[in-house]
Amino acid sequence: MSANRGEGAPNGVTRQEIMAVAAAREIRNGEVAFIGTGLPMVAAYLAKATHAPDTVLVFESGIVGAKPKELATGVGDLRLLVGCVKSTGLYYALSLLQGGFIDIGFLGAAEVDQYGNLNSTSIGDYQRPTVRLPGSGGANDIGSLAQRLVIMVPHEPRRLVPRVQYLTTPGFLDGPGARERAGLRGEGPTRVITDLAVLDFDPASKRMRLATVHPGVTVEAVEARTGFALLRAPTIGETPPPSAEEVRLLRERIDPEGIYIGQKA
Amino acid sequence: MREKIMGLREAVALIKDGDTVAIGGHTLRRHPMALIHEIIRQGRRDLQLQGWNNGIDMDMLIGAGCAASVETSYIGISAFGLALNFRRACERDGLKVIEHSETTGLDMFRATVMGMSFFPTKTPLGSDLMRVNEHLTEIACPFTGEPFAAVRAARPDVAIIHAHTADRYGNVQLDAQRWNDQSADVLIAKAARTTVASVEQIVSDEEVYRNSALTVLPRKFVAAVVEAPYGAHPCACDARYDYDLEETGKYYEASKSKGSFKAYLDTRVRGVADHMEYLERIGIERLMRLTRTRVAR
Numbered sequence: 001m002s003a004n005r006g007e008g009a010p011n012g013v014t015r016q017e018i019m020a021v022a023a024a025r026e027i028r029n030g031e032v033a034f035i036g037t038g039l040p041m042v043a044a045y046l047a048k049a050t051h052a053p054d055t056v057l058v059f060e061s062g063i064v065g066a067k068p069k070e071l072a073t074g075v076g077d078l079r080l081l082v083g084c085v086k087s088t089g090l091y092y093a094l095s096l097l098q099g100g101f102i103d104i105g106f107l108g109a110a111e112v113d114q115y116g117n118l119n120s121t122s123i124g125d126y127q128r129p130t131v132r133l134p135g136s137g138g139a140n141d142i143g144s145l146a147q148r149l150v151i152m153v154p155h156e157p158r159r160l161v162p163r164v165q166y167l168t169t170p171g172f173l174d175g176p177g178a179r180e181r182a183g184l185r186g187e188g189p190t191r192v193i194t195d196l197a198v199l200d201f202d203p204a205s206k207r208m209r210l211a212t213v214h215p216g217v218t219v220e221a222v223e224a225r226t227g228f229a230l231l232r233a234p235t236i237g238e239t240p241p242p243s244a245e246e247v248r249l250l251r252e253r254i255d256p257e258g259i260y261i262g263q264k265a
Numbered sequence: 266m267r268e269k270i271m272g273l274r275e276a277v278a279l280i281k282d283g284d285t286v287a288i289g290g291h292t293l294r295r296h297p298m299a300l301i302h303e304i305i306r307q308g309r310r311d312l313q314l315q316g317w318n319n320g321i322d323m324d325m326l327i328g329a330g331c332a333a334s335v336e337t338s339y340i341g342i343s344a345f346g347l348a349l350n351f352r353r354a355c356e357r358d359g360l361k362v363i364e365h366s367e368t369t370g371l372d373m374f375r376a377t378v379m380g381m382s383f384f385p386t387k388t389p390l391g392s393d394l395m396r397v398n399e400h401l402t403e404i405a406c407p408f409t410g411e412p413f414a415a416v417r418a419a420r421p422d423v424a425i426i427h428a429h430t431a432d433r434y435g436n437v438q439l440d441a442q443r444w445n446d447q448s449a450d451v452l453i454a455k456a457a458r459t460t461v462a463s464v465e466q467i468v469s470d471e472e473v474y475r476n477s478a479l480t481v482l483p484r485k486f487v488a489a490v491v492e493a494p495y496g497a498h499p500c501a502c503d504a505r506y507d508y509d510l511e512e513t514g515k516y517y518e519a520s521k522s523k524g525s526f527k528a529y530l531d532t533r534v535r536g537v538a539d540h541m542e543y544l545e546r547i548g549i550e551r552l553m554r555l556t557r558t559r560v561a562r
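Those protein sequences? They're chains B and X, same order as listed.
Note that my numbering numbers the first sequence so that position 177 is 177, with each residue one more than the last.
Add 265 to the 1-based position in the second sequence for my numbering, that's all there is to it.
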């Protein structure tokens, strides 16, 4: 997301800050959240510091109920151990997913399609790709088994595509009922948070639709930056802007070096 | 009882060209880098690498020309970005990649450890992993008919892991602070025919008896123990030392081209006699700093 670093949105709030705040608001107090690195980590810390203090953070390295004081470089980082109630291993954490104990997970991807399927593996032919990406890691596990999935990506036509070139992580696959037929658990993707808008999925068709636009962004601008025909929710509102307190927490306490939220505008 | 302490050279000689080699660790944490450097020094070729979540470990072996294929869920250089040797090998040379989810990457070892020829799981259903990974296939639950993916058991020729301590007989322990017998390394080591464990420190027999709850691998599962302090560098080693992001950044820059990566290997690996000389090149000042900045004490 470094392409957007430092680009200021209205009122001096960065696009990353709007994304982090919108993502934090997806976490309900008391939920169990499976967290990776980057903006989701920032969002989860913010949720805990504001409306959802009882959120249980789970990291794939087997750290449960952490209250970290610092951001981490990776999910195996010992910084995540601070304040945890259980320190165990990988397959404990992954079994929590398969057992259905994880309420919400967050993922980014190189491509997201209109059914919320994600590609983090390869662009072009899998055997001889034009771009080889790192691969699933825990993405497939989270998308297949978390009760709800929140997707976070920069809003670009090459990223929001009609059909992923490689399906690393299931969203709604090819439409209504497909997850259930495949044998997957969980509701699937419920939100897509970009630097322009918040999107959700039409309950009938399971196709992505525009829910709210961020302050200062038009519906047309969002549609122009989307690589497929985006559905529109019956009413499209404005994403509630970050509060002064949320911005203060992000800048002063959670990411004071601006590693993930971008430069202070 | 047979003593299993070996030098780095002798232990790595247990690995043959063409072997399936499973590697422990996690993203930028506790990969057995001293062992990996020695594999490169000895010029092993055509290794079939396996793991569940990998980074600089596999990328370095790929860049050094040691790998014929990889089977894992992930190869990346954490916050720095893509693993560039891996990327080049896929895009230019068509390196064979068998992609897993993290769960199926563990389940292939778990199946072997539990004496099963496969392990049932949910994660990869409906995804392209089912299409490209010949070790995954769909099955129906015999009781309910519900779909599951079967993950074929993996039996690596050799496992290489880095742990905190071991005694001379090969009883391997992890520190209490980040102890876990649910670590992927334990499954990887138990699944392999031969396990080589490097450790930060060889400890006395009494030390193991006194803290026997910290033993993650009893000696039966371990063929060789190598004492390699800072043996995961530049990866973090739990509570013992932090990541060396300066060295990882240098690695990442060097891996941008084949030429600069060869030069990196000459300076850091091939042109270095052994692990102690490697540590000398990194320098005492930096190693101490990594130890001092360890976190979560």
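The reader is advised that the hints may include incorrect statements.
Short, incomplete list of chain B residues facing chain X, as computed with Cβ under 8 Å [to be verified]: (1) S61; (2) Y92; (3) L145; (4) R148.
These are computed hints drawn from the structure, not numbers from a lab.
Predicted, not measured: the structure shown is a model, and the values here were computed from it.
Where a beta carbon is used, it is the ideal one built from N, C-alpha and C, also for glycine.
Consistency of the hints with the structure:
{"no.": "1", "hint": "S61", "result": "holds (6 Å)"}
{"no.": "2", "hint": "Y92", "result": "holds (5 Å)"}
{"no.": "3", "hint": "L145", "result": "holds (6 Å)"}
{"no.": "4", "hint": "R148", "result": "violated (16 Å)"}
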